[in-house]
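Position chains F and V against the provided structure of chain X, taking the given hints into account.
Chains as they are written, first to last, in my numbering: chain X, 1 to 262; chain F, 1 to 262; chain V, 1 to 262.
Treat the hints as calculated values from the structure; they're not laboratory data. Incorrect hints may have been included.
[Stated by the list, open to error] Some chain X residues flagged as far from chain V (calculated, every beta-carbon gap over 12 Å): (1) 11; (2) 16; (3) 31; (4) 62; (5) 70; (6) 135; (7) 139; (8) 157; (9) 159; (10) 176; (11) 184; (12) 189; (13) 227; (14) 241; (15) 244.
[To be verified] DMTMM-like mimics (lysine to aspartate or glutamate), calculated; alpha carbons at most 25 Å apart, straight line: (16) 156/V <-> 227/V; (17) 13/V <-> 251/V; (18) 234/V <-> 23/X; (19) 234/F <-> 232/V; (20) 234/F <-> 251/V; (21) 234/X <-> 251/F; (22) 13/X <-> 232/X; (23) 234/F <-> 232/X; (24) 234/V <-> 232/F; (25) 234/V <-> 149/X; (26) 13/V <-> 28/V.
Note that the Cβ used here is the ideal one computed from N, Cα and C, for glycine as well.
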Amino acid sequence: MTSAPSSILNTSKLPALAGSLLERLRAERIRVHAITNAAAQTITANLLLAAGGIPSLTIAPEEVASFTSRSTSLLVNLGTLDSDRRAAIPQAIASALAHAKPWVLDPVFVEASPPRLEFARACLAGRPFVLRCNAGEFAALAGHVATPETVRAFAKAHGTVVALTGAVDLIADGERLLLVENGHPLMTRVTAMGCAATTLVAAFTALHGSALEAAATALLVIGVAGEIAARDAKGPGTFQPAFLDALFNLDSPTLIALGRAS
Amino acid sequence: MTSAPSSILNTSKLPALAGSLLERLRAERIRVHAITNAAAQTITANLLLAAGGIPSLTIAPEEVASFTSRSTSLLVNLGTLDSDRRAAIPQAIASALAHAKPWVLDPVFVEASPPRLEFARACLAGRPFVLRCNAGEFAALAGHVATPETVRAFAKAHGTVVALTGAVDLIADGERLLLVENGHPLMTRVTAMGCAATTLVAAFTALHGSALEAAATALLVIGVAGEIAARDAKGPGTFQPAFLDALFNLDSPTLIALGRAS
Amino acid sequence: MTSAPSSILNTSKLPALAGSLLERLRAERIRVHAITNAAAQTITANLLLAAGGIPSLTIAPEEVASFTSRSTSLLVNLGTLDSDRRAAIPQAIASALAHAKPWVLDPVFVEASPPRLEFARACLAGRPFVLRCNAGEFAALAGHVATPETVRAFAKAHGTVVALTGAVDLIADGERLLLVENGHPLMTRVTAMGCAATTLVAAFTALHGSALEAAATALLVIGVAGEIAARDAKGPGTFQPAFLDALFNLDSPTLIALGRAS
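With the rest of the complex left out, here is chain X (with noise of 0.2 Å):
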């Protein structure tokens, strides 16, 4: 695993960037270890499966060390947080940052959940590389609407990039801000899409220097996969595996051809 120091791509670029990340992962069969929700986990694996990397999924809190020690990324998703998992998050997270692991944090849902918010902000304080959520859950960690500068701020605040996800994706370190315009509407419309989605930019930041460029590339990637399924699919029950086939077959001259960001 080398990482190239921090770059500033023109935005012209990241597509082009998207490919060779992916092409790397596959290479290297890179191993990101995923504390993610119950209805997640099948899709996280087969989704990482499909781009070429090698997923891992333990929960129990005295094997996440050395699960995430092996690894090359860690994500941190708050899911369903029962007893074995709020263990476990801490331990995983102290693993990454004492084998200077990237990792990457997912808080679904916690605005819904005052115990969740209260766990969400503990593990922000672990600095992760990527911070990704939509804009409910952002408001909540936040205390206030998302907006490309409040985005902004709260990234340089808290040492992190922050990914939000929606119609377009909004992605923004204290400085830079990054939009990818990418993806379908039927990826609302399959459980945990999003969450399997980020197990790339956990991927992506172990290969890339730049976590801001490495989130946008991972969701460039998402998102064209995704416009490629749609093509064919006749509702959310073949979009999913076509979705996954979709990612299997990805290459550097489809997603020149089809990203969309700036």
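Frame of chain X; chains F and V shown alone:
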């Protein structure tokens, strides 16, 4: 969420009612909090998303009350009764009762385990709007085999609606008894299809004052989607995505053309 | 459930044996209780349903003995070892031993976590009928790399059958060694395919007196279904439903035509 008063519909009107409830589910983005078994979580969420609603799935005891109170209805499924679910279920039911949310009980495999039977009986005391079960589960709970008479008597004694699913679904409250004949054998070859179907029962009970008619129309929608999916499926593998597509695309004219209720 | 005495079949007869065991599984509706990892639960259940059996999946410590005693065999998979599974597995194994039910062990990722390795060794003392593992897991358990000789020696020392899966599957007891060459690389791109396949091993051990031949024929069935599924699949997404369809539709003539065992 407006609930019509309990109605006594001519059964020939059930397919049209099914169509209008499905349209309202989509328009109102009905939220169901589902505490369901590990094998059912993904398909339950995907079924509700395909139908047009919004699922949540957390089983954390300290969170389920919040999630239940912001949902339109609650689904409790006993399929994998680990320690978190055992602790969470009473709190979720209490929250549903406190906030006057409809809730539905699915006592999976209750005939296979004495502690589960005892737990299910304690749940029943919370008067679910609908008890969805198969013949084996009913027999374990009731202490005798399911017949139209025993099902009606059980419903009356427990102040609930019994939705007994099988080749023909039998839905009864203490007074009336409805039959729904839609469905396809491939539905029994996909794990947790019945569990997932119960989510739609939970959603419809929030939209219609008669839990009897809500349950019958939800099962009719599921059965019609299953029949459409089976037309092109080559087995249980392709059946599942086809089912979600069919549910996503289902409309009132199709339900009226294909629905068989009496 | 009648078990033939241990047989010593000419390996050319293995595909025909596979077909007859699959037919018996369907006719007798074999029940497997699977304590398996979170990412494997759905596909494990769907694989067994597609094959014609009946799965149950509960991991609650107070329930697994009941579920095991009413099943025809037990599958124990160590993929996500949370506190409930740690407590449940010894009780399920004890129930299998007390009721003379065959049971199968799948020590997933045992090389990645010292506490898991210790737990797996304790399970092995309960003498599983079959230990299903890959080369990395075998090496961790045995303390040396897998070769035909070391696999045979390990099987003899532990009184079990080792089913070592890979590009070619190697199945050995203390005396004989079988090779199964069916399968397709796409099977490694779907999470938990190997875990799910082990359910069929568990089912076949209940139907045939030789655990060696039961394991080999189960893996042959899975491999042939994988080859059929790969013909039309465009990637790992469409591969999975195609695999379940192929298994659902598989018959003896196809197994005899495509099976490659020696």
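Each hint tested on the structure:
1. The beta carbon of residue 11/X sits about 29 Å from the closest Cβ of chain V, which is more than 12 Å, so the claim that it is off the interface holds.
2. Every Cβ of chain V is farther than 12 Å from the Cβ of residue 16/X; the closest lies at roughly 23 Å, confirming the non-interface assignment.
3. The beta carbon of residue 31/X is not kept farther than 12 Å from every beta carbon of chain V, the shortest such distance being approximately 10 Å.
4. Some Cβ of chain V comes within 12 Å of the Cβ of residue 62/X; the nearest lies about 5 Å off, and the non-interface call is violated.
5. Once the 12 Å rule is applied to beta carbons, residue 70/X is inconsistent with being away from chain V; the minimum gap is 6 Å.
6. Residue-level check passed: residue 135/X sits 29 Å from the nearest beta carbon of chain V, beyond 12 Å.
7. Non-interface status of residue 139/X relative to chain V is upheld: no Cβ of that chain comes within 12 Å, the nearest being about 30 Å off.
8. Residue placement check: residue 157/X keeps its beta carbon more than 12 Å from all beta carbons of chain V (closest about 35 Å).
9. Annotated as non-interface, residue 159/X keeps its C-beta farther than 12 Å from every C-beta of chain V; the closest such distance is 30 Å.
10. Residue-level check passed: residue 176/X sits 34 Å from the nearest beta carbon of chain V, beyond 12 Å.
11. With 12 Å as the threshold on Cβ separation, the claim that residue 184/X sits away from chain V holds: the shortest Cβ distance comes to roughly 15 Å.
12. Taking the minimum C-beta to C-beta distance to chain V, about 16 Å, the non-interface status of residue 189/X holds against the 12 Å cut.
13. The claim that residue 227/X is not at the interface with chain V holds, since no C-beta of that chain comes within 12 Å of its own (minimum 15 Å).
14. With a least CB separation of 3 Å from chain V, residue 241/X falls inside the 12 Å interface cut-off, contrary to its annotation.
15. Not every CB of chain V is more than 12 Å from the CB of residue 244/X (nearest about 3 Å), against its label as outside the interface.
16. Annotation: proposed proximity of residue 156/V to residue 227/V is violated, straight-line Cα distance about 32 Å (limit 25 Å).
17. With a CA separation close to 15 Å, the supplied pair residue 13/V and residue 251/V stays within the 25 Å bound.
18. With a CA separation close to 19 Å, the supplied pair residue 234/V and residue 23/X stays within the 25 Å bound.
19. At most 25 Å may separate the alpha-carbon atoms for a hinted pair to count; residue 234/F and residue 232/V meet this at roughly 13 Å.
20. For the proposed pair residue 234/F and residue 251/V, the alpha carbon gap of about 15 Å is at most 25 Å, so the pair holds.
21. Taking the CA atoms of residue 234/X and residue 251/F, the gap is near 15 Å; set against the 25 Å cutoff, the hint holds.
22. Restraint check for residue 13/X and residue 232/X: not satisfied, since their Cα atoms lie roughly 29 Å apart, outside the 25 Å limit.
23. For the hint pairing residue 234/F with residue 232/X, the CA-to-CA distance comes to about 18 Å; that is within 25 Å, so the pair holds.
24. Pair hint residue 234/V plus residue 232/F holds up; C-alpha atoms about 18 Å apart against a cutoff of 25 Å.
25. Taken as a hint, the residue 234/V and residue 149/X pair is broken in the structure, with Cα atoms around 43 Å apart against an allowance of 25 Å.
26. For the given pair, residue 13/V sits about 22 Å from residue 28/V by alpha-carbon distance, which is consistent with the 25 Å threshold.
Hint violations for this structure: numbers 3, 4, 5, 14, 15, 16, 22 and 25, all remaining hints satisfied.
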